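Q: Chain by chain, the residues run as shown.
There are 2 protein chains.
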Amino acid sequence: MDWKAELKERTAKIDENLDRLLPRESEYPEIIFKAMRYSVFAGGKRLRPVFLLEVNHILGGKTEEAMDFACALEMIHTYSLIHDDLPALDNDNFRRGRLTNHKAFGENVAILAGDALLSHAFEVMANAAARFSDGRGIAAMQAIAHGAGVYGMVAGQVVDVINDGKKVDADTLRFIHTKKTGAMIEGAFLAGAALGGANDATKEILQQAATKIGLAFQIQDDILDVIGTVEELGKPLHSDEKNAKNTYVSLFGLEASEAEVERLTAQALEQLESFGSRSAFLQELTKHLVGRRK
Amino acid sequence: MDWKAELKERTAKIDENLDRLLPRESEYPEIIFKAMRYSVFAGGKRLRPVFLLEVNHILGGKTEEAMDFACALEMIHTYSLIHDDLPALDNDNFRRGRLTNHKAFGENVAILAGDALLSHAFEVMANAAARFSDGRGIAAMQAIAHGAGVYGMVAGQVVDVINDGKKVDADTLRFIHTKKTGAMIEGAFLAGAALGGANDATKEILQQAATKIGLAFQIQDDILDVIGTVEELGKPLHSDEKNAKNTYVSLFGLEASEAEVERLTAQALEQLESFGSRSAFLQELTKHLVGRRK
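Protein chains in written order, with the working numbering: chain A, 32 to 325; chain B, 32 to 325.
Possibly wrong hints are sitting among the right ones.
Heads up, the list lumps identical chains together, so a pair's fine if it works in one copy or across two of them.
Derived SDA-like pairs (lysine to any residue); straight-line CA-CA distance at most 25 Å [to be verified]: (1) Lys65 to Lys198; (2) Lys234 to Ala161; (3) Lys76 to Thr278; (4) Lys276 to Ala287.
Just so you know, these hints were derived from the structure itself, not from any lab. Quick caveat: nothing in here was measured; it's all calculated off a predicted structure.
Please take these sequences and the hints and turn them into a complete structure.
A: Here it is in structure tokens:
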């Protein structure tokens, strides 16, 4: 299987649907739709929607039923990046080598573009859920809302922000990572599971795999920040260290962090193997995330 | 009917349920839950939830089925106020006589408290919708999402912000008012209509009434800013004028603005009269909104 070509095809399909679901730039008031699209189409990996669609697919669900939820997940992810970059939070001028939203459109529009993407994501999901004759659409929305919400991504964001510049302990760092990044990846898996009609046992396996993948993904991000280069990442080298950000590498060292990524990935793969060959693509993707250099 | 005592009882019930639905202040990370509650319990009129519950009630719907949607609507309204007050937007230090959220908790927490309230509102609604055996819950969520979203409140907010300090024409001001304030009041009426199982003709009447009430309410707000006092409003007199905000009064004058409020209210009341005595409370409330002094 040429899984990289396959991934490229899938992300292109997600991009097409994001384009369909987002308001046109020519609509009034233009600036907000330009700002929303600027960040949505800024070269994201579409990891969360790919996970959602693939889990749904493995369980026998239809991709066209799941697509709007996948795109909504990406809109929510994008809003979180826009707000995270704001001067009052991380104060970043660049992301993926481009100006951040508030640098390109001003802080007022950037705040509203984030609000707009979060609101639109739920509008898209509510409309999609209304097309189901059973409760799968609502269940998917519940999973995504929980991942994005006050017990998920927002909680991680808050703990990260209030500890900015302070050295945190291992438990706090794990809370930040599992909530800020992990919760939305769990949301992707559980929404896919809901749409695919998974039973409770299957959901449990998928959630456990998602938790491990999410944490491994974030630790790898920390590692890349140390060993990466500005060309590869599109942001200044060691930006997290410069801002005294708490990372796995600064707390546990590079070697232990790499070992942890390997360990978590191996455990996640073991869980995905329970789906047999149907999970081949998901397994390849998971392996790739560990080895990635950006 | 002592409708004022009735209103007080209803808002107390809404407050009880907001308390039930919002995370405890003792939960980790405490600061975000404190910040969310600080603004939710800051003396709001609970107008939008009261409208939703009353429309649902008039149509024969159960209040306990509609309550979570009503509270979610208030959470969304509160998030919009928190973000609106931020330094990059209206830069207000006080609201209803208290420090604004970012003055009390810092700009970073205030941005996240707004995000948290918006996210939590949809989590609450998704959970509530999952308890329905028919599509009424999703339909209510669709109405609220549409009112809060990029074709509703957010659009009004954007046009307001990008015209800050500039004189706008009547069409633009009407766009700001009908979207920024009106869209969420329409959302309240239409969500109540959906939960109460309204047919299309009834929805149409309710939407028309809501549009008129929303616009009258906002024009009255503009009027109060001119004639109000700092004691009555809890914010500096003429704050909109000082910031060169566009208001109905600055564009059309006080007399024409008052006449427009009267005209819109009379039309709305005419539409509400089609529900007969069942809409007595809603009619009283609508009349009160015109005569209000804060």
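Q: State for each hint whether it applies.
A: Verification of the hints:
1. Lys65 to Lys198: Answer is between; shortest inter-copy Cα gap is 24 Å, intra-copy 38 Å.
2. Lys234 to Ala161: both (23 Å within a copy, 18 Å between copies)
3. Lys76 to Thr278: For Lys76 and Thr278, only the intra-copy Cα distance (22 Å) is at most 25 Å; the inter-copy one is 44 Å.
4. Lys276 to Ala287: within (18 Å within a copy, 57 Å between copies)
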